[in-house]
Each structure stands twice: as structure tokens, then as C-alpha cells.
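Colleague: These are the residues of each chain, in order.
Number of protein chains: 2
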Amino acid sequence: MARTIQEVLDLIIAAVPGAPQAGSVDVLKSGDPAWEVTGIVTTFTASMDVLRQAVELGANLVITHEPTYYDHYDSDWLAGDPVVQAKRAFIEEHKLAIFRFHDYWHMHEPDGIITGMVRVLGWEAYKQEDEWMVVVIPGMTVGKLAASLKEKLALPIARVMGEPEQPCERIGLIVGAMPGDFQIKAFERWHLDAIICGETAEWQTCEYVRDANALGFNKALLIAGHAKSEEEGMHYLVEWLQPKVPELSITYIAVGDPVSLL
Amino acid sequence: MARTIQEVLDLIIAAVPGAPQAGSVDVLKSGDPAWEVTGIVTTFTASMDVLRQAVELGANLVITHEPTYYDHYDSDWLAGDPVVQAKRAFIEEHKLAIFRFHDYWHMHEPDGIITGMVRVLGWEAYKQEDEWMVVVIPGMTVGKLAASLKEKLALPIARVMGEPEQPCERIGLIVGAMPGDFQIKAFERWHLDAIICGETAEWQTCEYVRDANALGFNKALLIAGHAKSEEEGMHYLVEWLQPKVPELSITYIAVGDPVSLL
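From first to last, the protein sequence lines are chains P and B. Taking our numbering, the leading residue of the first sequence gets 460, the next gets one more, and so forth. Taking our numbering, the leading residue of the second sequence gets 460, the next gets one more, and so forth.
Chain P with its partners taken away, still in its complex shape (with noise of 0.2 Å):
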């Protein structure tokens, strides 16, 4: 059965309560929706190396988290920078249709992108009914919870503030890039002991745990790195998709942390 990429989009919207919303940035931003589909990737951020592997696959279509052209909207304020111009020239030449599945996946409920994080960390038990960014590990501690991370994660390293022996078994998961003041108030707001974010603004929100713990508030901060914190729900995509989509192959490409230890 052939399916073109705006029925394949349909399919998904269709499945999450409150889509389309005018705004949202969850369009199709290369190709055309009368093209039949030949296979899904779905990534967290479609990178070069994401899209030279779909050329290989065969696929073209490709569900991505994160913008195509470095920012929210993919509008043209870099139209004239030779990556984007070589970037939009590839993906043109290889007829590749990307679509971001960012705000509806958050949107769809559960979470498609903290219930992703929360199967690879194997944390299903801990989640709250009501406070679905929140889990409660008994007997957890930062040392413990970045063991954790780096090993389900595979990081290299866990960025942590926070002593490994100080309890944290309230942990807010504030995936992705949210504002230091969001991240701020999630302490209070659902009475954390520790976030686990990806990106973080450090000089409010780690400012404010180091004077939350000089001042004796248990408060504790671990940074995984934006793709490394929501890339799983790009992987659970999959899963999620497939029984909708039963006769096209899905493809999970990892895209891994974009910056190296030396």
C-alpha cells in the first residue's frame, strides 16, 4: 500500500490530542506531500550525517526533533551562509522530506520524548501520575543518579553539580533547552531535590544551586547534554509508529552528543 508523506503526517497528527496548532513549528520543511514514501528516518536533529544516511536508506522522509537550519522557525536569517546553501542544495538534489515532530511530541500524551528518556533509563516505577516531568527514586543520590546517566546515556562524563553522596530522590526532567528561570522554578514548583536537563543556562540556573547548597538547601543539577536528553524519544518514534505505518521500514539514526572531551 503506497502512502504519501502528507497521509503519513496526517497519521501522526491525527494521533496527538490538540494538533495541528496554528504557530507550531511542527511543518514539513523540505519536500513535497504528494510524494510517495519510500521510508522514515526519525533523529533528533537532522544533521548532514542524518541525511546522507537516509540517502543510503533509501528513505525519504525524515521526522526530526530539532530545527533543519539552526533556529526555532528555520526562517531565512542565514539564507546566505554557505552551509545552509550547500545543506538546502543536498537535501533538494535527493528529494528528501523532513518534518519536525517537536511541539506535538511533547504535546502527545504521555510525552513522546520524556516517555523515550524515561524507558531507556529504565525508570518506568518511578514516574508520577500527576507530575508526569517528575520521577521519585528511593535512596538516590548524585553520585548514584550520574552513574546512572552516563551508563544508560553512555556519557562520557556526567556534569553534575551537587556531592555524590547528597540525596535526590525528587528529579525533575526538564529535557532539551528550557529558559534558567523555567529550570529555576521547576525546583520549587514540584519540590526537587535534582533536575536533569539537557542544555542549561549557567549563570542563572547553576548560580542558583550553588547558593542553594552553600545556604543548605539540598538542591542538585545534572547535564546531559541537549541530543542526549531527548534523543531517545526520537527512538521510541519508532515504536510508536510503526503499527501506523506497518508496511514502511522505520529507521532510528543516533546523532550522539555533538561535542567531544579533549
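Hints may contain errors.
Each pair may be met inside one copy or between any two copies, as identical chains are not told apart.
[Said to hold, decoys possible] Here are the computed lysine to aspartate or glutamate pairs in the EDC-like style, where the Cα-Cα straight-line distance is at most 20 Å:
1. Lys644 / Asp535
2. Lys644 / Asp533
3. Lys703 / Asp570
4. Lys644 / Asp540
5. Lys586 / Asp535
6. Lys609 / Asp533
7. Lys603 / Glu568
8. Lys488 / Asp540
9. Lys644 / Asp530
10. Lys703 / Glu610
11. Lys609 / Glu628
12. Lys603 / Glu588
13. Lys603 / Glu583
14. Lys586 / Glu622
15. Lys609 / Asp535
Please keep in mind that the hints were generated in silico from the structure rather than gathered at the bench. Treat the numbers as computed from the prediction; the structure is a model and nothing was measured.
Take the given structure of chain P and dock chain B to it, following the hints.
Modeller: Just chain B now, with coordinates in the frame of chain P:
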């Protein structure tokens, strides 16, 4: 010769072309301008630890680059937060005057923060006359640059994008936490091979650099951390300020990177 807080601030502001500016964050955050100065502390951020050291030193004027209450304007967005309340109580109890020296220190000619960083890195000879955020270092590579940052800024590890042998002679010093779009455009604007930043926006700058390198462009990013990228500028402030107030004791207090590695 006794001096008031206001007299010291007037001396500082008078030495900055264009200062004072309406709407600047560089104002007195606590204390009374009429107090007599008992000693001065300079620092990247007026953390609890810095404030306690200031009290021990008997210094009642803290000159900080970053905010005291975790947002740019130190507004009352966190007024009910127990960390903020405890910090404010300490500041009031110990009669500490806190002056933020951010905009004006960057407006100083040359930029006081960049000057401090260039000095600690030993790069005075590589400065560019018309491009004050750029240094050009013949024969430099990403690996050598990372080693230099680790040594001179005492970083336990260098967070890097780019291969160690990748050449990077034209280097932008984009300290602090500049927005991702500014960092990305800086590559083209100044024809940079590499950017040394404080904080970055991984989903923007890092993905741009990842794609740029995948497409054969020569771009590198070295992430020093916000505090490490700017605090030597507050160290240099001691030398700059001392001749203006020769009778006062001025002490620089390093805060270091708030994040530990596990």
C-alpha cells in the same frame, strides 16, 4: 582618605566612554551609596561563598559581573524563593553593597573582560586592531587550542567540536552566554575558524558547526564555560581600579566553574 560607595562608582563610571546609560543593569543592587567603603571585592558572580569571603575580609563593596538573583535585571521574579530570601537576608545583615559591572566593563575601551582573558592566555601579540573579539594565531590547531585553554584557564577537560589536527588560526572570543544566532553569524562576519565561547546553544551553534564540518568547512567550537570565559576580566579589574583608589584594599575572588565532572 575616606570614600563613599557612590564616589567609587562615580570614578568607575567616569572612566567608561558612553556610561552611564539609561536601562543598564550596572546599578547598585544592595546597600547605601552614602556608606564609607571599607574594602572592595571583585568577582564574576556575587555567590554566597564570595559574599562570605567579603565579610571575612571586612570589604563592604562587592563588584560583580553577573546578577545577584539569577536574572538579568535582578527583578523580583523569585521574591518568594527561600534561596533568594536567605541570600538577601545575609546581604542586609552584613551591610554589603553590591554593584554590577557588566555592560560598562564590556563597553570600556578595550573591553575589560576580553582584555583579562587575552592577558591570562598570553595572546596580546595576536590581537587584531579593528576586530577586538578576534585573535589570529599562526599555526594554531584545535588540539593545541584545547591544550592552551586547559592549561591557562585551569580546565579539567576541554569541551570541543572539531578534530585535534584541524587548523584554526582565526579565533573569535565570544565570551559569556551570547545567543546561538550571534555565535553562528560570528563565523561568517569575522571569517573565523574557531570560536571560544562561554556558554553555547547546542541545538543551534553546535548543530551548525557539526554540519559545517560534515560539509568540509573548517569550523571549530571550544566551550570554556561562562565563568571561566569571563572571570579573568574581573581579576584584571583589580589592576585597573587600584590606581583610582590607592588607599583601598581590592581583592579578586575566583568562583570557578560551578559544574563538576563525575
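Colleague: State for each hint whether it applies.
Modeller: Going down the list of hints, with the structure as the test:
{"no.": "1", "hint": "Lys644 / Asp535", "verdict": "between (34 Å within a copy, 13 Å between copies)"}
{"no.": "2", "hint": "Lys644 / Asp533", "verdict": "between (29 Å within a copy, 15 Å between copies)"}
{"no.": "3", "hint": "Lys703 / Asp570", "verdict": "within (18 Å within a copy, 58 Å between copies)"}
{"no.": "4", "hint": "Lys644 / Asp540", "verdict": "between (38 Å within a copy, 9 Å between copies)"}
{"no.": "5", "hint": "Lys586 / Asp535", "verdict": "neither (41 Å within a copy, 33 Å between copies)"}
{"no.": "6", "hint": "Lys609 / Asp533", "verdict": "neither (32 Å within a copy, 35 Å between copies)"}
{"no.": "7", "hint": "Lys603 / Glu568", "verdict": "neither (29 Å within a copy, 48 Å between copies)"}
{"no.": "8", "hint": "Lys488 / Asp540", "verdict": "within (18 Å within a copy, 42 Å between copies)"}
{"no.": "9", "hint": "Lys644 / Asp530", "verdict": "between (25 Å within a copy, 12 Å between copies)"}
{"no.": "10", "hint": "Lys703 / Glu610", "verdict": "neither (32 Å within a copy, 54 Å between copies)"}
{"no.": "11", "hint": "Lys609 / Glu628", "verdict": "within (18 Å within a copy, 35 Å between copies)"}
{"no.": "12", "hint": "Lys603 / Glu588", "verdict": "neither (24 Å within a copy, 51 Å between copies)"}
{"no.": "13", "hint": "Lys603 / Glu583", "verdict": "within (17 Å within a copy, 45 Å between copies)"}
{"no.": "14", "hint": "Lys586 / Glu622", "verdict": "neither (24 Å within a copy, 40 Å between copies)"}
{"no.": "15", "hint": "Lys609 / Asp535", "verdict": "neither (38 Å within a copy, 37 Å between copies)"}
When each numbered hint is compared with the structure, violations occur for hints 5, 6, 7, 10, 12, 14 and 15.
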